[in-house]
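J.: So the chains spell out like this:
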Amino acid sequence: MTSVTATKRRTGQGAGRPPHRPPGRPVDHGAWFLVLPALIPILLLSVGPLLYGIALAFTDAQSGRTRATQWVGTLNFQDLLHDTLFWESFRIGLLWAVGVTVPQFLLALGLALLLNQKLRLRWLARALAIIPWAMPEVVVGIMWRLVYNPDAGILNETLRDLGLGDGRDWLTSLATALPAVILVGIWAGMPQTTVALLAGLQNTPRELHEAAALDGAGAWRRFQTVTWPTLKPVALAITALNLIWNLNAFALVYVLTGGGPGGRTRLPMLFAYEEAFRYGQFGYAAAMGCVLVAVVSVLLAVHLVSRLKGDE
Amino acid sequence: MTGARTRGPARAGQYLALLAYLAFLALPFLWLVSTAFKPARELGSLHPTWIPEDPTLANFRQAFDEQPLLQAAANSLVAALGAALIAVTVATPMAYVMARRRGRLSAAATGWVVVSQAFPFVLVIIPLFLVLKNLHLINTLTGLVLVYVTWSLPFAVWMLTGYVRAVPAELEEAAAVDGAGRLRTLCSVTAPLLAPGIVATALFAFITAWNEFFFALVLLKTPEKQTLPVVLTHFLGAEGVADLGPLAAAAFLATLPSLVVFALIQKRITGGMLAGAVKS
Chain A
1 MTSVTATKRR TGQGAGRPPH RPPGRPVDHG AWFLVLPALI PILLLSVGPL LYGIALAFTD
61 AQSGRTRATQ WVGTLNFQDL LHDTLFWESF RIGLLWAVGV TVPQFLLALG LALLLNQKLR
121 LRWLARALAI IPWAMPEVVV GIMWRLVYNP DAGILNETLR DLGLGDGRDW LTSLATALPA
181 VILVGIWAGM PQTTVALLAG LQNTPRELHE AAALDGAGAW RRFQTVTWPT LKPVALAITA
241 LNLIWNLNAF ALVYVLTGGG PGGRTRLPML FAYEEAFRYG QFGYAAAMGC VLVAVVSVLL
301 AVHLVSRLKG DE
Chain B
1 MTGARTRGPA RAGQYLALLA YLAFLALPFL WLVSTAFKPA RELGSLHPTW IPEDPTLANF
61 RQAFDEQPLL QAAANSLVAA LGAALIAVTV ATPMAYVMAR RRGRLSAAAT GWVVVSQAFP
121 FVLVIIPLFL VLKNLHLINT LTGLVLVYVT WSLPFAVWML TGYVRAVPAE LEEAAAVDGA
181 GRLRTLCSVT APLLAPGIVA TALFAFITAW NEFFFALVLL KTPEKQTLPV VLTHFLGAEG
241 VADLGPLAAA AFLATLPSLV VFALIQKRIT GGMLAGAVKS
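Chains as they are written, first to last, in the numbering used here: chain A, 1 to 312; chain B, 1 to 280.
Just so you know, the hints here were simulated from the structure itself, not pulled from any lab data. Just so it is clear, the structure is predicted and the values come from calculations on it, not from any experiment. For glycine and all other residues, C-beta sits at the position ideal for the given N, C-alpha and C. Watch out, some of these pointers could steer you wrong.
[Stated by the list, open to error] Which stretches of chain A does chain B cover? Using the computed rule of at least three CB atoms under 8 angstroms from a CB of chain B, they are:
no., segment
1, 50–59
2, 129–141
3, 283–295
Between the sequences and the hints, there should be enough to build the whole structure, so can you do that?
T.: Encoded structure:
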């Protein structure tokens with residue numbers, strides 16, 4: 001939003017720029033000087049380690065070993081290919097990411113449409129939306145463990161009150177563990193997704209809506225022809241980002257189930273964490289990281305493309 | 001407008017949906033609060049109630065007895081404050097350059113901001129762990145602050161870029177005409193106007209660090225160095241058997257600071273978040 005006005009202002013100003021100051025040139029040295037304080041930590045602590053991490057994937061690096069680390073070529077990747085546990089965690093990671101992102105998007109879209117209307121409890125929704133947003137993930141996990149608790153939890157008690165059976169131990173039974181953590185994932189990310197979509201909705205031109213309504217278009221038709229086309233870039237971007245974030249998820253599930261029962265909720269990040277910091281297999285875990293990056297890159301490309309389209 | 005046209009039953013449906021969402025948002029949190037104030041006797045009861053019959057602060061006392069919560073809170077505060085202050089200090093000049101110049105540099109920086117939001121931490125944490133180990137910064141808050149700074153920089157730069165753009169460039173040009181140098185202009189003209197944006201960005205970096213878990217888990221080994229989220233997981237015990245009351249009490253306390261801060265800057269964050277994540 002700000003960027004749009006800034007662009008307008010800049011182009012408007014370009015015409016009247018004083019001719020004695022050629023655009024840009026004298027600023028260069030100053031610009032580098034101003035960027036350096038941020039650039040140095042970035043290079044040292046994120047770009048550097050990233051490259052180092054990729055290199056590690058081709059070594060047999062382990063923690064606490066005295067023998068020198070050696071290059072092993074693509075051995076780690078070959079091992080990964082045959083590591084059924086890794087692919088199982090990868091499958092679970094995809095289930096989790098899609099299972100959180102898609103329902104969350106649909107719910108958030110409905111909610112955003114709702115909040116875009118003049119309803120009385122809008123302020124309350126806004127105030128409450130802060131809770132999931134501001135909460136540490138660890139606390140979100142703890143909170144839902146209290147809700148899911150088989151004896152002292154409110155979920156089973158409510159189900160008992162409604163006569164819907166005796167309830168169960170949601171987080172430790174094989175069938176319900178993954179759906180249970182997915183529900184928590186949806187809860188935790190609802191506000192961000194909703195706010196993003198709401199902002200997208202507020203970009204749709206009101207006049208178009210009114211014109212379409214005058215032409216006798218129903219609500220669904222207006223959504224299809226007026227709302228969705230303007231919302232689409234935002235929707236694509238937030239969906240791609242949510243998928244990426246969920247693929248990288250760790251804390252929530254670590255606290256809820258620790259990856260259990262029987263690996264049923266062991267997301268790729270939990271798997272790689274255990275491999276690296278419990279078993280000390282740095283090289284192997286780095287190779288897992290590379291595979292994840294490859295997957296995420298595809299999603300990132302989608303995000304970047306939709307963003308460029310949004311810029312046009 | 002659509003709102004004015006909606007008829008009675010549809011309106012009722014809308015309110016029903018809204019209420020369902022509000023309940024979905026609020027109930028888990030209310031349960032946490034309720035559990036935190038329940039005496040052990042009620043927590044053991046087979047039919048838990050929403051409102052504690054006999055509310056008590058015993059859980060809070062016990063939580064402080066069981067785990068070094070004060071120390072953990074102090075560690076979290078140091079890490080989060082350090083990260084926020086440093087991040088904003090180095091991000092502001094960079095954001096300034098990105099906002100005022102649209103060269104290859106800011107294009108590259110923009111790309112990096114987006115990419116950095118998507119880093120799988122696994123790939124970064126292992127090498128980072130080795131680097132910090134060589135620097136003897138494992139199990140130190142200094143090491144953690146360094147990681148948090150780098151981690152929150154992209155977003156800080158992004159938020160701040162938006163704020164800089166909102167400051168009219170004409171003001172700076174006027175100062176330049178008056179003979180002020182670039183740095184001088186930046187400090188005396190732009191910075192004061194940016195102050196609210198800088199504060200919002202710093203608070204955001206603060207909360208992100210205050211809430212962060214993964215890096216802290218990997219980098220901090222001993223309980224006296226660990227931050228609040230890591231110490232909270234100690235309440236869970238080895239087999240997931242937990243003392244529910246103290247657990248809830250400690251979790252509730254750990255959330256309060258970020259809830260307060262977040263409530264203060266929510267609107268600004270929403271704007272910055274959107275600029276960063278979606279840029280509409």
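J.: Each hint needs a verdict: does it hold in this structure or not?
T.: Hint check:
1. 50–59: holds (count 5)
2. 129–141: holds (count 11)
3. 283–295: holds (count 7)
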